[in-house]
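**Q** Each chain, letter by letter, is given below.
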Amino acid sequence: MKVELQGQVALVTGAAQGIGKSIADRLAANGARVIYADVQYEVAAESAASQSLGVAMAMDVTRDDQVQEVMDRTVQEYGRLDILVNNAGVNTLEHRVTIDEFPREEWDRLLAVDLTGLYVASKAAAQIMRSQQSGKIINIASVVGIVPLRLQSPFVAAKAGVINLTRSMAIELGPYGILVNAIAPGSTLTDGTKELFYGEGGKFRDSVQELLNHIPLGRPATTDEIAHATLFLAAPESSYINGHVLTVDGGWSAGYMREF
Amino acid sequence: MLDGTLADKVAVVTGGSRGIGRATSLALARQGAALVVNYHDQADAELDQSTAASEVVAAIVESGGKAVAHQADISDEQAARGLIDRAVDEFGRIDILVNNAGICPSQDFLEMPVSLFDRVHAVNLRGAFISSQQAARHMVRQGHGGRIITVSSISALVGGSYQAAYCPTKSGLHSMMQSLAILLGPHGITCNSVGPGEVDTDMNRILPDYDEIAAQLANRIPVGRVAQPEDIADPIVFLASDGARYVNGAFLLIDGGMFVNLQ
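Chains A and B supply the protein sequences, listed in that same order. At position 28 of the first sequence (counting the first as 1) the number is 27 in numbering that gives the first Met the number 0, and the numbers step up by one without a gap. At position 154 of the second sequence (counting the first as 1) the number is 153 in numbering that gives the first Met the number 0, and the numbers step up by one without a gap.
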């Protein structure tokens, strides 16, 4: 799918690798100037270098000052901000435990990035977009913000928060020409999920078939499949979609697979 | 979309002569798909638009595409199966089905005859069931997947005061797509629905003072306007495109933010 993003300026948080990198690459390949913002600046710089329209900026979404600096630089250097993709997110690899054992520090760390970081970036971007009277904000939520999973309580709580925040931002910002939507990816093949599930030494490799049994398409998403959905929400073709959460989960959340 | 993303695909659009179906037929054809444009002669004649389907086909053919019109009342089982088979007869296969045909007669619940309820269900829900089943049988046999995209509605999520027959068909349609998504997913056939909000089509234009109603509704829609059919057609093209291959069982709301604002 190819769309027209020529002349538009996009910023993707957490764009160094994984889903964020695929999204940034896809937007750039469709003509947008793309800022690869990431706390891992070196990796982001390497990723951005692969696209002629890519540029990397160092940004920790939990730091208001860094976020503001990146937004200011974006406007100074490229004149505007049309698309913000809130992709930066973390989940816990070590603490896969029930809530009665879940460490407070880990809860705080996840919420700070996954929910509060999204607020910080959206707030700064919305100020620019409001003065332009146009813009698109796309939040990368998760299917676990819709259906609960065990053993990752802060992540499911943060993603559910992102989903309803998406809706409230949509009604707040719609009148200023700013559309706000979310994507809820299902299980996606990334370095993180390889470490947990899909890789040879994956910590939960044994239970991976159990997970895939719940997915009608029988496989995890590729990062590029999430990127395509994001590209669609960034494109002119989706200009009447606002306040929506688009699941890209292979049918995971559509119901139960059963043999009777 | 800029790249003829549906080249070599064959699509059937039910109710493709007017409104969202018309815009969808044109949009799919622009991306290279060959089209079977379904229409119901009686419904088009009632609105004095008997040439609507042939105009859609002519527009597609004039711009170098392939299309045929096919008259069928999809509430009739044989007619609906025949419609889907037409794609295979004409173009050798079917890759995309858009279940779009629908009716929405407004009536007070207290006065509504059961016959009206039955008719709305027969067209909206039963017609989509038969069309989807016939299309899926071909797609499974063909062995290279497919796309079933159903035009549900914001009315799947919210009721309407004169729509006690219509709204349940729209939630029923999405529910059916979820079940088909699960069953057909292993065959590589994805099943999704779109949920248009208020759209400027004959279905709504039939109301007297529609312009006034639309202006009032626009106040409840964060983007400040009712939709045009093209606003719905483009997202349907996305769902039909290769890039959407992991989207399955989804409900894509296209309402300018109306639903979240109504709550």
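Simulated from the structure, these hints should not be mistaken for lab results. Accuracy of the hints is not assured; some may be wrong.
So these bits of chain B aren't anywhere near chain A, every CB distance computed over 10 Å [unchecked claim]:
id	residue
1	GLN48
2	ASP75
3	ARG80
4	ILE102
5	ILE129
6	HIS137
7	VAL139
8	SER154
9	VAL157
10	GLY158
11	LEU183
12	PHE237
Only some residues are given here: those of chain A computed to face chain B with a beta carbon under 10 Å [unchecked claim]:
id	residue
13	VAL2
14	GLN65
15	GLN67
16	LEU110
17	LEU195
18	GLY200
19	ARG218
20	GLU224
21	ALA226
22	GLU236
23	ILE240
24	GLY249
25	GLY254
Now the stretches of chain B that chain A is said to cover, found in silico as 3 or more residues with beta-carbon under 8 Å [to be verified]:
id	region
26	60-69
27	204-210
28	213-223
Here a beta-carbon is modelled for each residue, glycine too, at the ideal position from N, C-alpha and C.
**Q** For each hint, tell me whether it holds in the structure or not.
**A** These are the hints, each one checked on the structure:
Listed as a non-interface residue, GLN48 (chain B) keeps its Cβ farther than 10 Å from every Cβ of chain A; the least gap is roughly 24 Å. For ASP75 (chain B), the shortest C-beta to C-beta distance to chain A comes to about 29 Å, beyond the 10 Å cut-off, and the non-interface label holds. For ARG80 (chain B), the condition that its CB be more than 10 Å from all CB atoms of chain A holds, with the nearest at approximately 25 Å. For ILE102 (chain B), the non-interface assignment is confirmed: its Cβ lies about 23 Å from the closest Cβ of chain A, beyond the 10 Å cut-off.
Even its closest Cβ contact with chain A, about 21 Å, leaves ILE129 (chain B) beyond 10 Å, as expected for a residue assigned away from the interface. Once the 10 Å rule is applied to beta carbons, HIS137 (chain B) is consistent with being away from chain A; the minimum gap is 19 Å. The non-interface label for VAL139 (chain B) is consistent with chain A: the shortest C-beta to C-beta separation is roughly 14 Å, beyond 10 Å. Its beta-carbon lying about 16 Å from the closest one in chain A, SER154 (chain B) satisfies the requirement of being farther than 10 Å from that chain.
A cut-off of 10 Å between C-beta atoms confirms that VAL157 (chain B) is not in contact with chain A; the least separation is 14 Å. Listed as a non-interface residue, GLY158 (chain B) keeps its Cβ farther than 10 Å from every Cβ of chain A; the least gap is roughly 19 Å. The Cβ of LEU183 (chain B) sits about 8 Å from the closest Cβ of chain A, inside the 10 Å cut-off, so the non-interface label is violated. Not every Cβ of chain A is farther than 10 Å from the Cβ of PHE237 (chain B); the closest lies at roughly 5 Å, contradicting the non-interface assignment.
The closest approach between the C-beta of VAL2 (chain A) and any C-beta of chain B is roughly 6 Å, which is under the 10 Å cut-off, so the hint is satisfied. Restraint check, GLN65 (chain A) versus chain B: the minimum CB separation of about 30 Å is more than 10 Å; hint violated. A hinted interface residue such as GLN67 (chain A) counts as satisfied when its beta carbon comes closer than 10 Å to some beta carbon of chain B; here the least separation is about 26 Å, so the hint is violated. Against a cut-off of 10 Å between C-beta atoms, the interface hint on LEU110 (chain A) is violated, since the closest Cβ of chain B lies about 23 Å away.
Of the supplied interface hints, the one on LEU195 (chain A) is violated, with its beta-carbon coming no nearer than about 19 Å to a beta-carbon of chain B, more than 10 Å. Using the Cβ-Cβ criterion of 10 Å, the hint placing GLY200 (chain A) at the interface with chain B is not satisfied: the shortest such distance is roughly 26 Å. The interface hint given for ARG218 (chain A) is met, as the beta carbon of that residue sits about 9 Å from the closest beta carbon of chain B, less than 10 Å. Hint on GLU224 (chain A) holds. Least Cβ distance to chain B is approximately 4 Å, under the 10 Å limit.
Given hint, ALA226 (chain A) at the interface with chain B, holds; its Cβ is 8 Å from that chain's nearest Cβ, closer than 10 Å. At a threshold of 10 Å, the smallest CB-CB gap from GLU236 (chain A) to chain B is about 4 Å, leaving the interface hint in force. Because the smallest distance between the Cβ of ILE240 (chain A) and any Cβ of chain B comes to about 5 Å, under 10 Å, the interface hint for this residue holds. Taken as an interface hint, GLY249 (chain A) checks out: its beta carbon lies about 5 Å from the nearest beta carbon of chain B, inside 10 Å.
The beta carbon of GLY254 (chain A) comes within 5 Å of a beta carbon in chain B, closer than 10 Å, and the hint placing it at the interface holds. Only when three residues or more bring their CB closer than 8 Å to a CB of chain A does the claim for the region 60-69 of chain B stand; here the count is 0, and the claim is violated. By the rule of at least three residues with a Cβ nearer than 8 Å to a Cβ of chain A, the coverage given for the region 204-210 of chain B is violated, with 0 such residues. Counting residues of the region 213-223 of chain B whose CB lies closer than 8 Å to any CB of chain A gives 4, so the stated coverage by that chain holds, three being the minimum.
When the structure is compared with the earlier hints, violations turn up for hints 11, 12, 14, 15, 16, 17, 18, 26 and 27 and for no others.
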